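2 protein chains.
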Amino acid sequence: MQEKLNDLKKRLAEIIDINHAIAVLDWDQQTYMPPGGAAGRARQLATLSHISHEKFINNVIGHLLEELHEYTEGLPYESDDASLVRITKRDYDKARRVPPALVSEIAYASAHAFDAWKKARAESRFSDFSPYLQRNLDLKRHYAQCLGYTDHIYDPLLDEYEPGMKTSQVKGIFQAIKRELVPLVQTISAKSHLVDNAFLHQTFDEQTQWEIGIEAARLIGYDFERGRQDRSPHPFSTSFSINDVRITTRILHDYFPAAFFATLHEAGHALYSQGIRSELEQTPLAEGASLGVHESQSRLWENLVGRSRPFWRFFMPRIQTVFPGQFRNVTDEKMYCGVNRVQPSFIRVEADEITYNLHIMIRFELENALLEERLAVNDLPELWNKKMQEYLGITPPNDALGVLQDVHWSHGSFGYFPTYSLGNIFAAQLFDTIKRDIPDLNRHFEKGEFRGLLDWLRIHLYTHGRKFTLEELANKITGESLHTDHFIAYLKSKYGDIYHF
Amino acid sequence: MQEKLNDLKKRLAEIIDINHAIAVLDWDQQTYMPPGGAAGRARQLATLSHISHEKFINNVIGHLLEELHEYTEGLPYESDDASLVRITKRDYDKARRVPPALVSEIAYASAHAFDAWKKARAESRFSDFSPYLQRNLDLKRHYAQCLGYTDHIYDPLLDEYEPGMKTSQVKGIFQAIKRELVPLVQTISAKSHLVDNAFLHQTFDEQTQWEIGIEAARLIGYDFERGRQDRSPHPFSTSFSINDVRITTRILHDYFPAAFFATLHEAGHALYSQGIRSELEQTPLAEGASLGVHESQSRLWENLVGRSRPFWRFFMPRIQTVFPGQFRNVTDEKMYCGVNRVQPSFIRVEADEITYNLHIMIRFELENALLEERLAVNDLPELWNKKMQEYLGITPPNDALGVLQDVHWSHGSFGYFPTYSLGNIFAAQLFDTIKRDIPDLNRHFEKGEFRGLLDWLRIHLYTHGRKFTLEELANKITGESLHTDHFIAYLKSKYGDIYHF
Numbered sequence: 001m002q003e004k005l006n007d008l009k010k011r012l013a014e015i016i017d018i019n020h021a022i023a024v025l026d027w028d029q030q031t032y033m034p035p036g037g038a039a040g041r042a043r044q045l046a047t048l049s050h051i052s053h054e055k056f057i058n059n060v061i062g063h064l065l066e067e068l069h070e071y072t073e074g075l076p077y078e079s080d081d082a083s084l085v086r087i088t089k090r091d092y093d094k095a096r097r098v099p100p101a102l103v104s105e106i107a108y109a110s111a112h113a114f115d116a117w118k119k120a121r122a123e124s125r126f127s128d129f130s131p132y133l134q135r136n137l138d139l140k141r142h143y144a145q146c147l148g149y150t151d152h153i154y155d156p157l158l159d160e161y162e163p164g165m166k167t168s169q170v171k172g173i174f175q176a177i178k179r180e181l182v183p184l185v186q187t188i189s190a191k192s193h194l195v196d197n198a199f200l201h202q203t204f205d206e207q208t209q210w211e212i213g214i215e216a217a218r219l220i221g222y223d224f225e226r227g228r229q230d231r232s233p234h235p236f237s238t239s240f241s242i243n244d245v246r247i248t249t250r251i252l253h254d255y256f257p258a259a260f261f262a263t264l265h266e267a268g269h270a271l272y273s274q275g276i277r278s279e280l281e282q283t284p285l286a287e288g289a290s291l292g293v294h295e296s297q298s299r300l301w302e303n304l305v306g307r308s309r310p311f312w313r314f315f316m317p318r319i320q321t322v323f324p325g326q327f328r329n330v331t332d333e334k335m336y337c338g339v340n341r342v343q344p345s346f347i348r349v350e351a352d353e354i355t356y357n358l359h360i361m362i363r364f365e366l367e368n369a370l371l372e373e374r375l376a377v378n379d380l381p382e383l384w385n386k387k388m389q390e391y392l393g394i395t396p397p398n399d400a401l402g403v404l405q406d407v408h409w410s411h412g413s414f415g416y417f418p419t420y421s422l423g424n425i426f427a428a429q430l431f432d433t434i435k436r437d438i439p440d441l442n443r444h445f446e447k448g449e450f451r452g453l454l455d456w457l458r459i460h461l462y463t464h465g466r467k468f469t470l471e472e473l474a475n476k477i478t479g480e481s482l483h484t485d486h487f488i489a490y491l492k493s494k495y496g497d498i499y500h501f
Numbered sequence: 001m002q003e004k005l006n007d008l009k010k011r012l013a014e015i016i017d018i019n020h021a022i023a024v025l026d027w028d029q030q031t032y033m034p035p036g037g038a039a040g041r042a043r044q045l046a047t048l049s050h051i052s053h054e055k056f057i058n059n060v061i062g063h064l065l066e067e068l069h070e071y072t073e074g075l076p077y078e079s080d081d082a083s084l085v086r087i088t089k090r091d092y093d094k095a096r097r098v099p100p101a102l103v104s105e106i107a108y109a110s111a112h113a114f115d116a117w118k119k120a121r122a123e124s125r126f127s128d129f130s131p132y133l134q135r136n137l138d139l140k141r142h143y144a145q146c147l148g149y150t151d152h153i154y155d156p157l158l159d160e161y162e163p164g165m166k167t168s169q170v171k172g173i174f175q176a177i178k179r180e181l182v183p184l185v186q187t188i189s190a191k192s193h194l195v196d197n198a199f200l201h202q203t204f205d206e207q208t209q210w211e212i213g214i215e216a217a218r219l220i221g222y223d224f225e226r227g228r229q230d231r232s233p234h235p236f237s238t239s240f241s242i243n244d245v246r247i248t249t250r251i252l253h254d255y256f257p258a259a260f261f262a263t264l265h266e267a268g269h270a271l272y273s274q275g276i277r278s279e280l281e282q283t284p285l286a287e288g289a290s291l292g293v294h295e296s297q298s299r300l301w302e303n304l305v306g307r308s309r310p311f312w313r314f315f316m317p318r319i320q321t322v323f324p325g326q327f328r329n330v331t332d333e334k335m336y337c338g339v340n341r342v343q344p345s346f347i348r349v350e351a352d353e354i355t356y357n358l359h360i361m362i363r364f365e366l367e368n369a370l371l372e373e374r375l376a377v378n379d380l381p382e383l384w385n386k387k388m389q390e391y392l393g394i395t396p397p398n399d400a401l402g403v404l405q406d407v408h409w410s411h412g413s414f415g416y417f418p419t420y421s422l423g424n425i426f427a428a429q430l431f432d433t434i435k436r437d438i439p440d441l442n443r444h445f446e447k448g449e450f451r452g453l454l455d456w457l458r459i460h461l462y463t464h465g466r467k468f469t470l471e472e473l474a475n476k477i478t479g480e481s482l483h484t485d486h487f488i489a490y491l492k493s494k495y496g497d498i499y500h501f
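Protein chains in written order, with our numbering: chain P, 1 to 501; chain L, 1 to 501.
Hints should not be assumed to be uniformly reliable.
In this list, chains with the same sequence are indistinguishable; a pair is considered to hold if it fits within one copy or across any two.
Subject to a maximum C-alpha distance of 27 Å in a straight line, what follows is the list of computed BS3-like cross-link-like pairs (lysine-lysine) [what the hints assert, rightly or not]:
hint: 1; residue 1: Lys166; residue 2: Lys118
hint: 2; residue 1: Lys55; residue 2: Lys9
hint: 3; residue 1: Lys4; residue 2: Lys55
hint: 4; residue 1: Lys55; residue 2: Lys10
Read the hints as simulated data drawn from the structure, not as lab findings.
Source: prediction; values computed, not measured.
Given the sequences, and given the hints that come with them, work out the whole structure.
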């Protein structure tokens, strides 16, 4: 049986090498590739993806998984071997249900939809994008049917990003937080004069921003021997192995938080990826558990650490040293309030911790309606704007600032959005457990010490890689199912304090 | 038959996509990869190389080539299809002769030899490297036997880098230039006081060096929309497609020529790669003809253009603008002489246009002796030093400055070195033809116009990609076989003028 296991591992290692090569090509495309490289890169990515897929759905892997399945059922659930077979089988069974031709068709359609989206957004004209969106929807409906579902057509799509999560569960979660957040936003909007952040809108030297971001990433434990930061239009993180986990940021010369928090956010993802147990290297387990769990870590480091009062107690003097002209008269308390200012706005990626989730809910509700054919593509912009008014009290002046702002639907990535909010919710739940285990966490932060937090996260979460689902991790680490109480309490306490209510 | 041709092209395109992905991974490894990435990268490169090799030696490709061979023999020799089948068959027949296990063994041994070489060079201790060199030699002797040869064991190895070239031909060429160069070096050494280059050894701001290098590369026609420059410890150029051809340079803060001429050199390679006919994209023809022909282009742009008097007539004012403190009192004539100073030295890559070739000859003679077992590995350092004294009149004080300086043998790349000199020789031969076709070339250079030269090279050389051998190109473009008269005449005229003899 050991021989079969080794055979499986060898085959998977080859596929993972290919997937990591794909990640390198993708990283280069987003960071350094000159414009002329686009056509060649598309071909290279298509070829490697095809080879990887072909090698994975090979019958031999299916037979090995069948034979090993029985054997590993006798092993502890969380053992490396049982987890490897369980998770790989989950991937394999799904991959086999989708005809390769449909995979190619989706890739092809989304490449064109992406181009169309870029142009449509630049011109702010939804009608130029709608036929491509329709095509993506049709293909993804077909895809969902191949994967199969009993309850919602959204289920198998959501499952791609958040294994085991159901649409009904997300609906319940969103109802719970919507009930709390909409009035919260209204309360705060009436008190918006209480928080000033004009001092964040000044001119900041780009190289200095770059360096202070690197310093902060290093401070929280990102290992630059096993990673690096580069610039890209859209910040992201990516892994080529547990020991080569990269981040990117973008710098706005006239708004300090953009680069700084993008770096902390991506470094949060990277801390997770760098913290996976090295024994899992070159297996399908050497990744984060899901998009939601990954996002919980980027948000935890960006918001629960980087937008916390004790963090700025420690870091404000550093920032004042490098930007004396801009921050001389800014206290740590003023900085803390400034970087947490709540302001309903049109663009999701610029939103604060509260309104962010309302942006997500709008997308979740709309993509569900589209997939269930309760909503026609042509009616989408109108409903988008209506929901923006309902949840956030503002109406986008055009489609570029509304329905066309996000790339996801052009990629056909329906079911992706909720994972952002699931990440926020799980981060808050985790953090309450952490504070029980490390009662003086705030004092650590005030001294610039983040090692205790990082070690805790490594031991309890990062080490496991992809062995468990979000729900399994929630139960295992926090002792309860994923739920919204911690997140709501966190927001109410934090913003009640900042906005005096 | 068209169907079979399309089948072949499709299979080759897939392999080329993989090879370009390998090139991206290699580029990243040499430019940006953090130290932790090394182990993962080695695995990824090994996996992709294995897949590429496996796909190429597939019997189906062999059958297709057999069937198409007959058909394309009826087509003109230089037609795209005939060339595709001819060149691919040449590669295929060679690839099939080598057992895949030997390919892996060589890759494995050279990875270890490379590590050992780096350490041995750092400690300047040849004995730490010699067992690895012995292993590389044994494997490459075996490799040469697999490929087969009638005359010299060196022939099939040389053929890897310079298709069609024979050891005996290189010997003849080297005898001819050695006869001329050794006395030339002696003559110049006696007059070394005539040329001063102390002004090149000052402090030069790195960013300014970077920018002026980019300006020069752009000036000679390197297209930054289809390429880019990055930094790496060892400058190189690489292609991911005809429209994504990258270069690197390294900057020394205390010696101006290092970065500037490395950029021109690599840009020369890149102009060649960017100039290949776009119809050849994604075929094995979309590369340079050979290492020697490639080197002819890097040398042509670096030396025949960048180290020419008319180039500095034009460019000196620009350099004075960006480095006023360093170059205010340096005339273009003084610059021209300074960047052409001849000085026997220990390190090949720092050598001038004359002594460079003597460095190459030493390596060529020694690697021949090693492969033919006329020389034992342990006796190599002594013979190296003896030849340095004989050809250049100096003896390296240690192995780091002697036999351990180059990476090539640690990679097992025996047969590579002569292509550097073949490039120099072919460049001079080409340039005489160009000057016949464009009589006022110098006046172009003096005005900063290089488009005429680039267009000529594109039409006569670059466009063909890999269709012809060096010898075929020499005959086709210059009307004669490759020979040394042009190169000797060029050196005598140029340096006779500079050193007054």
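*So which of the earlier hints does this model not fit?*
Violated hint (a single one): 1; every other hint is consistent with the structure.
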